[in-house]
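Engineer: Below are the chains, spelled out letter by letter.
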Amino acid sequence: MARHTSIESTSNRRWAIGFTAAAAFLFVLYHWIVPNSPQPVHDFVQGWFSNANTNEMIVYIIMALGLNVVVGYAGLLDLGFVAFWAIGGYVAGWLMSSFLGNFQINIFGNPAPGLEMGIHITFWWVLLLAGGFCALWGIIIGAPTLRLKSDYLALVTLGFGEIIPQVFVNGQDINGFNLSNGTQGITPIDPIKFFGFRDLGPFDLDYKFVIYSVICAGMVMVSLRLRSGRLGRAWLAIREDELAASMMGVPLMRTKLSAYAVGAFAGGLGGVVFATHINGVFAERFNFSISIIILAMVVLGGMGNVWGVMVGAIVLSWINGIGLQQLGNTINTTFNTDINFPSFNFLIFGSLLILMMIFRREGFIPEARTRLVMHEHDRDNEEVQ
Amino acid sequence: MSALLEVRDLTVAYGNIVAVQGLSLDVHEGEIVTLIGSNGAGKSTTLRTISGLLKARSGSVAFNGERIDHLEGHETVAKGICQSPEGRRIFGGLTVDENLELGAFLRKDKAEIAADREYVLGLFPRLRERLTQKAGTMSGGEQQMLAVARALMGRPRLLILDEPSMGLAPVLVDLIFETIVKINEQGTTILLVEQNALAALRVAKRAYVLESGKIKLSGDAAELAKDPEVIKAYLGG
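Note that the protein sequences, when read in sequence, are chains G and X. Note that this note's numbering has the first sequence beginning at 1, numbered continuously upward. Note that this note's numbering has the second sequence beginning at 1, numbered continuously upward.
Any given hint might turn out to be false.
As the list claims (entries may be wrong) - Chain X residues, not near chain G, derived (Cβ > 12 Å throughout):
id : residue
1  : R67
2  : E72
3  : F91
4  : E98
5  : E101
6  : F105
7  : D109
8  : G122
As the list claims (entries may be wrong) - Pairwise CB distance ranges (calculated):
id : chain 1 : residue 1 : chain 2 : residue 2 : range
9  : G       : L155      : X       : G22       : 39 to 47 Å
10 : X       : G187      : G       : A21       : 20 to 28 Å
11 : X       : T11       : G       : D151      : 48 to 56 Å
12 : G       : L77       : X       : A13       : 43 to 51 Å
13 : X       : N39       : G       : F364      : 28 to 36 Å
14 : X       : N39       : G       : D151      : 27 to 35 Å
Just so you know, these hints were derived from the structure itself, not from any lab. Glycine included, every Cβ here is placed at the ideal spot set by N, Cα and C.
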């Protein structure tokens, strides 16, 4: 719509500047300020806001933005999103390591010395390949199930999210073929080349942060553009009222499938990024709780709202990663107690979800439309003529 | 002249329950045709089958000389059949303007969409005052106006109105029916499904009376309005 365009492009420019500024600040912080700071400052930052956790945060933001397309934009509940994270991770494992040793393929790849066997494809291509492969899986799982009512759909995705990681856990001997190396996982993953001039090993977290931020920015941009485009409107219509949407000419199956495919693509990206972050793929890390945490990020942040979802991802991944442990340690040393705070993780998430559903159903930073839908009952009386 | 919409021997069933049996009806270009009948007579089932949301067990639906009974819901919209559904089903969380925009979902001709937007806002000036308001917060009458306006935004060759007067105050019923006539005068063919038989027969050219899934009577609307049987059953005579 013409009259919104100018406002939209200004706010687009604003977020791009804000995002770049925040990323640049964090890079300078981790690359220069922290190493050159006195020990207490160094310890404080690495304790409370370690750069490993910040990189993990970005993985979660990418994943949550992907799930947001499925849950927030199109209104389809997905309880098994971790499956795409796992598949994306294994694509990186297969295509960026010496694991598939029967091959010796190198396409702009960057194998570590001595590990030239296997398939080595450049990180950027692997991102696209993993995204595409996950999107394909999204369509495979979506095509037969998207006709179902939403409750059944949730059950099917739940099953998918359980089955895929199990396949990888038990995949070291499928009729003699080693798919996943079982519980040992695939490691090491090829180092990323930092824009051509530097190999990024396990300790180059600050440079990796820059690369991950670029991917994350791409994901934000795609989310925003999709939302305001034709497909975004079709998703919105489906979320509001499926039958009415089809009466407007929205093709239901194709539109829902595309939401699944886009979400799965982002899941694949997250999987590759995470694999390069921890330099490996380990089947046992992909468990059900991750699906729930990502879903909680979307719901708590504000379904459908890109900024809300990002805030949700940052806050929850921080609590989940180091925040709770640090807070716990502080409390334990201050009050001389011995409480294992991280073991209360799910109690806290659960209570947080319940509290949010009672007091702020629409999330931290709600989407304007969601707020209205969530408070539909409040206005029922006014509607009666 | 062949009809714009031709329904022949249509039978629709939900499992073992036959809802519509051997129904035939025609709608010619430029007409208002009404399908009246009491609750559960099969009116909505007929409409849903025409618009592709249900599949017929047997019989055929042709639009503009082309069979459409195998098409999905969104494909019949592309052929030019737009519908204002029973119970309005507007997008409550979106603004009035966004609802209208979605009505034109399949169209790409921006200038013409803008012209049609002006046209429907001219038909329903109340909606113009409410363009930026969330549709779900409007009154029932306004929501009904929006449902009709949204269907018109698809620039239909055949506009289907399912119970447009349901649950509205009498003064609003009159307004809606006046507007239906206006829309028809602008050249849009209308298939009107109503429980309010009196009002429907007044505006329609021809009518079909549906009872227990079968067409019981059909013919000129004005004459049917005088038919003792119709008066007894539907007009409270």
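Engineer: List, from low to high, the hint numbers that the structure doesn't satisfy.
Structural biologist: 2, 3, 4, 5, 6, 10, 11, 12, 13
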